[in-house]
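Engineer: For reference, the chains in residue letters:
There are 2 protein chains.
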Amino acid sequence: MQNIFSGFQATPTHEAVEELLRSPHVRIERIVSNGQASPEGFWYYQDESEWVAVLEGRAAIGFENGEAVELSAGDAITIPAHTRHRVLWTHSEQRTVWLAVFYQS
Amino acid sequence: MQNIFSGFQATPTHEAVEELLRSPHVRIERIVSNGQASPEGFWYYQDESEWVAVLEGRAAIGFENGEAVELSAGDAITIPAHTRHRVLWTHSEQRTVWLAVFYQS
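First to last, the sequence lines map onto chains A and B. Counting with UniProt numbering, you get residues 1 to 105 for the letters of the first sequence. Counting with UniProt numbering, you get residues 1 to 105 for the letters of the second sequence.
Isolated chain A (complex conformation) (with noise of 0.2 Å):
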């Protein structure tokens, strides 16, 4: 059994990453923020699409055409598959958990 909400290895310095579930076609990360955002000019670039929702705390997504997306608890959004984006911020005062399943199109 896992637990999403336990168990984590998240520093202020550092997101945590952990692989849930890995199978030919779907991919599922938990991952734990604590006031993390993506390096200045550093964009996601995905062959797989991406559906990702934000369980706890705060975060926002930004994408290349400008746009952006802010997410609080339960909030989940698709990214298609090659579609540049970024995390531009996570809560700064609490922990953000983001659940990620990642998938062929």
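In short, the hints are calculated from the structure, not lab data.
Some chain B residues well away from chain A (every beta-carbon gap over 12 Å; in silico):
1) Asn34
2) Ala37
3) Ser38
4) Glu40
5) Tyr45
6) His82
7) Thr83
8) Arg86
9) Ser92
Ranges of calculated distance between the beta carbons of each label pair, as one might list FRET restraints:
10) B:Ser72 <-> A:Trp43: 31 to 41 Å
11) B:Tyr45 <-> A:Ser72: 36 to 46 Å
12) B:Ser6 <-> A:Gln94: 15 to 25 Å
13) B:Gly66 <-> A:Glu64: 52 to 62 Å
14) B:Trp43 <-> A:Pro12: 40 to 50 Å
Even for Gly, the Cβ is constructed at its ideal location relative to N, Cα and C.
Position chain B relative to chain A; hints supplied.
Structural biologist: Leaving out everything else, chain B in the frame of chain A:
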């Protein structure tokens, strides 16, 4: 944008099952229970594997071999394809929010 923790249609007599994502290889569902359990003698039997988490509330899943797993908020298990299982109970006094990822294994 979707929100996992809001917009429920669950009632004391019916579970609310909503599809959050459907793609060729993966399907994500949000299920909200209010004390429901699987009917006596009923077993889920699926061609897909399932990664399932309880995000709120509490529940128990039973398996054909007699094993039972109790899930509290954050707990997640993987149920391989073709594994008979059923919901033994869900919390009777608060909602139970499940997140289920079905995938071809």
